Amino acid sequence: MMIARHVLRSGFDLIEALLGKLFPPSWNPMLNLGALGFYFYWIITVSGIYIYIFFDTGVHNAYSSIEYMTHDQWYLAGIMRSLHRYASDALIVVMMLHFVREFARDRYRGVRWFSWVTGTPIMVLVFVAGISGYWLVWDRLAQYVAIVSTEWLDLLPIFGEPIARNFLSPDALESRFFTLMIFMHIAIPLIALAILWMHLQRVTKPKINPPRGLALSVFAALIGLSLVHPALSQAPADLAVVPGRVGLDWFYLPLFPLFETLPGSLTWGMTACLLLIMIAMPWLPPLKRARPAAVDLANCNGCARCYNDCPYNAIAMVARSDGTAFEREPIVNPAYCVSCGLCAGSCPTSMPFRRLSDLSPGIDMPDHTMAQLRDQVEAVASGLTGPARIMVFGCDSGPALAKVRSSTVGTIPLTCIGQLPPAFIDYVISRDLADGVMLTGCRENSCNARFGIEWTNQRLARSRDPHLRNRVSRERVRTAWVGPSGTSALQVALSAFADELQNAPAMASSVPLAELSPASREPVDA
Amino acid sequence: MPDFLRYAGQFIFFVGVAAFIGYFSSQPAYQQMPDGMAQIKMSFAHGGARKIDCRKLTSTEIAKLPANERRPNNCTRERIPVLVQLTLDGELLYDDLLEATGLSKDGPSRTYRKLIVPAGPHTITARLRDTKREIGFDYEATHQVVLRRFQNLAVDFKADTGGFSFR
Chain G
141 MMIARHVLRS GFDLIEALLG KLFPPSWNPM LNLGALGFYF YWIITVSGIY IYIFFDTGVH
201 NAYSSIEYMT HDQWYLAGIM RSLHRYASDA LIVVMMLHFV REFARDRYRG VRWFSWVTGT
261 PIMVLVFVAG ISGYWLVWDR LAQYVAIVST EWLDLLPIFG EPIARNFLSP DALESRFFTL
321 MIFMHIAIPL IALAILWMHL QRVTKPKINP PRGLALSVFA ALIGLSLVHP ALSQAPADLA
381 VVPGRVGLDW FYLPLFPLFE TLPGSLTWGM TACLLLIMIA MPWLPPLKRA RPAAVDLANC
441 NGCARCYNDC PYNAIAMVAR SDGTAFEREP IVNPAYCVSC GLCAGSCPTS MPFRRLSDLS
501 PGIDMPDHTM AQLRDQVEAV ASGLTGPARI MVFGCDSGPA LAKVRSSTVG TIPLTCIGQL
561 PPAFIDYVIS RDLADGVMLT GCRENSCNAR FGIEWTNQRL ARSRDPHLRN RVSRERVRTA
621 WVGPSGTSAL QVALSAFADE LQNAPAMASS VPLAELSPAS REPVDA
Chain U
46 MPDFLRYAGQ FIFFVGVAAF IGYFSSQPAY QQMPDGMAQI KMSFAHGGAR KIDCRKLTST
106 EIAKLPANER RPNNCTRERI PVLVQLTLDG ELLYDDLLEA TGLSKDGPSR TYRKLIVPAG
166 PHTITARLRD TKREIGFDYE ATHQVVLRRF QNLAVDFKAD TGGFSFR
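So the protein lines, in turn, are chains G and U. Taking the numbering used here, I'd label the letters of the first sequence as residues 141 to 666. Taking the numbering used here, I'd label the letters of the second sequence as residues 46 to 212.
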């Protein structure tokens with residue numbers, strides 16, 4: 141499983157890097173798969189509503205009504221039909237990519253099991269909705285799909301009369317059965333939408349709309365495809381004839397030839413096993429994760445920054461319980477916490493300058509505390525030499541830090557770059573622990589903990605609390621959001637940064653740590 | 046990368062994705078059945094005779110029953126399996142003993158079978174036994190047909206309408 145994840149992750153990282161050269165980070169299609177899925181869903185819904193106006197729900201006139209849309213009203217209903225078809229196919233593409241990418245990035249185990257497990261029925265329902273849609277055209281493909289799928293269902297010992305008998309001969313099929321299919325084709329996507337709502341319950345600020353420019357580009361591509369290669373019906377269904385040769389939609393129907401040719405016990409067994417394995421995957425094996433964030437009320441004033449920054453709805457603000465004058469306090473739901481540390485990075489009491497009291501912030505990660513982080517920074521800094529010492533903070537999902545470590549470059553690994561409070565950057569520079577700080581991690585817009593890079597960029601830009609102090613020169617802080625395959629790019633960035641640091645003016649407020657007595661190490665506001 | 050190259054790259058990307066979706070939404074075509082073949086589809090649901098014959102109740106026995114349960118016969122539920130055969134030009138193509146459905150085996154025997162045969166002229170004979178007779182059949186029908194390429198010939202059975210039908 142680990143090897144499969146590693147290989148897939150490398151593949152995705154490569155594709156994301158290539159697309160990153162063409163698109164700005166917010167537009168990168170590979171980083172907007174979920175949002176594109178929603179977008180296609182809405183295109184399918186709107187186009188479906190329009191073509192339903194002209195669709196004749198009786199089995200004998202369904203085909204001719206679709207032919208009318210395709211040929212007589214090609215300029216609108218025909219395009220809508222093509223949009224309906226191609227957006228449905230595109231939905232399968234982004235849905236499957238989203239599924240494999242989350243697997244590759246190991247974002248399905250631990251507390252993330254819920255999104256994974258609720259995603260499984262959504263995939264099944266999307267396939268069923270698409271397959272039921274193909275019935276409604278009532279052409280040769282519809283005939284093939286209807287017969288193979290009902291024969292496959294009839295293998296289950298739950299139906300009295302075989303459903304496939306409805307397609308025995310031309311006089312056997314009734315419009316009433318056809319109406320049932322239309323009901324299914326409308327009801328199933330609605331059920332999928334309800335489960336999609338559940339799918340997003342454990343993430344904050346879910347991205348369900350792609351950036352406008354990407355949305356317009358994708359829509360233009362679909363319109364262009366609809367004009368150049370409109371969706372057409374095949375010959376009308378005729379139950380007196382076997383379809384023989386059919387043009388399959390390989391996005392929705394790749395398994396149909398197998399359903400038709402392999403033994404039913406094998407296809408049903410494989411399907412059941414596949415679904416069971418998919419549902420069980422979050423526990424195969426379970427994720428060994430760090431302990432969840434812990435609140436220390438003695439150091440918490442209930443500012444709610446951790447609540448605002450948590451990407452997984454794991455923190456709630458409740459009435460204060462310790463009798464202090466503050467109104468609220470955060471509580472962490474361990475079942476939702478992914479231990480990313482963004483909350484600790486957002487806490488204004490995560491202040492490395494503190495020496496008179498313990499460095500114990502209002503919220504912290506028990507397995508990688510702020511006090512441990514400060515000790516780590518000081519230890520690494522003590523080994524740095526040279527005129528352009530750089531302290532690199534990088535996340536576990538980013539480039540290989542060990543490969544850039546040297547006598548002038550010290551590295552500090554973090555779970556997520558958002559775990560780093562900006563005060564640590566100030567601490568490193570103002571206490572002369574290094575001449576510059578480099579922050580690195582996942583590719584931009586692709587943070588493994590969703591918001592680590594976004595919050596960090598905003599903290600550095602001083603537009604999000606806790607922000608980088610004004611006294612820290614931005615020339616001494618760099619970011620390199622290069623992803624796990626970007627070690628070489630990071631080395632290049634470090635080399636350029638070192639050159640700049642050598643020519644930078646000395647920091648006026650820099651006071652070496654060793655020259656301060658413990659009692660005087662509290663920060664002075666800029 | 047210069048902007049115009051990036052825009053050109055984006056354009057090529059979207060054209061490529063559209064071409065990928067457009068092609069695989071209907072191609073390559075799938076050959077469901079080899080050329081020159083036709084299909085005979087035999088399907089029906091028909092209940093065989095009861096395993097134990099109904100016994101006629103005496104008037105005394107009927108009188109002893111509650112008023113709402115009085116009936117002339119006492120029947121067990123279980124039905125015997127139905128034997129079905131289909132021959133093509135004298136060759137046995139399908140031969141099956143269809144068990145009655147249901148937990149108590151009191152439902153109809155069912156079959157749904159697709160048989161791929163060469164197109165062309167054929168003599169098809171369908172036979173069915175639904176009683177306890179040891180030899181012979183209760184229903185038999187022969188049909189002369191010239192099967193066209195990819196033709197689907199349905200063979201159905203309804204005892205109410207006289208037995209087998211070919212359509």
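Hints were generated in silico from the structure; no laboratory data involved. Every value quoted in this text rests on a predicted model; they were computed, and no experiment measured them. All C-beta atoms, glycine included, are put in the ideal place defined by N, C-alpha and C. Careful: at least some of the hints might be erroneous.
Claimed, not checked - If we take Cβ atoms under 7 Å as the criterion, some of the chain G residues that face chain U in the derived model are:
1) M141
2) R145
3) L148
4) A230
5) P302
6) A355
7) L356
8) S357
9) A361
10) I363
11) P376
12) R385
13) L388
14) L395
15) P397
Claimed, not checked - Distance ranges between label pairs, derived from CB positions:
16) U:G181 x G:P397: 53 to 61 Å
17) G:M236 x U:T121: 53 to 61 Å
18) G:A412 x U:D140: 26 to 34 Å
19) U:R116 x G:M338: 41 to 49 Å
Hint check:
| no. | hint | result |
| --- | --- | --- |
| 1 | M141 | violated, 29 Å |
| 2 | R145 | violated, 25 Å |
| 3 | L148 | violated, 20 Å |
| 4 | A230 | holds, 6 Å |
| 5 | P302 | holds, 5 Å |
| 6 | A355 | violated, 12 Å |
| 7 | L356 | violated, 11 Å |
| 8 | S357 | holds, 6 Å |
| 9 | A361 | holds, 4 Å |
| 10 | I363 | violated, 10 Å |
| 11 | P376 | violated, 14 Å |
| 12 | R385 | holds, 5 Å |
| 13 | L388 | holds, 5 Å |
| 14 | L395 | violated, 12 Å |
| 15 | P397 | holds, 6 Å |
| 16 | U:G181 x G:P397: 53 to 61 Å | violated, 42 Å |
| 17 | G:M236 x U:T121: 53 to 61 Å | holds, 55 Å |
| 18 | G:A412 x U:D140: 26 to 34 Å | holds, 32 Å |
| 19 | U:R116 x G:M338: 41 to 49 Å | violated, 54 Å |
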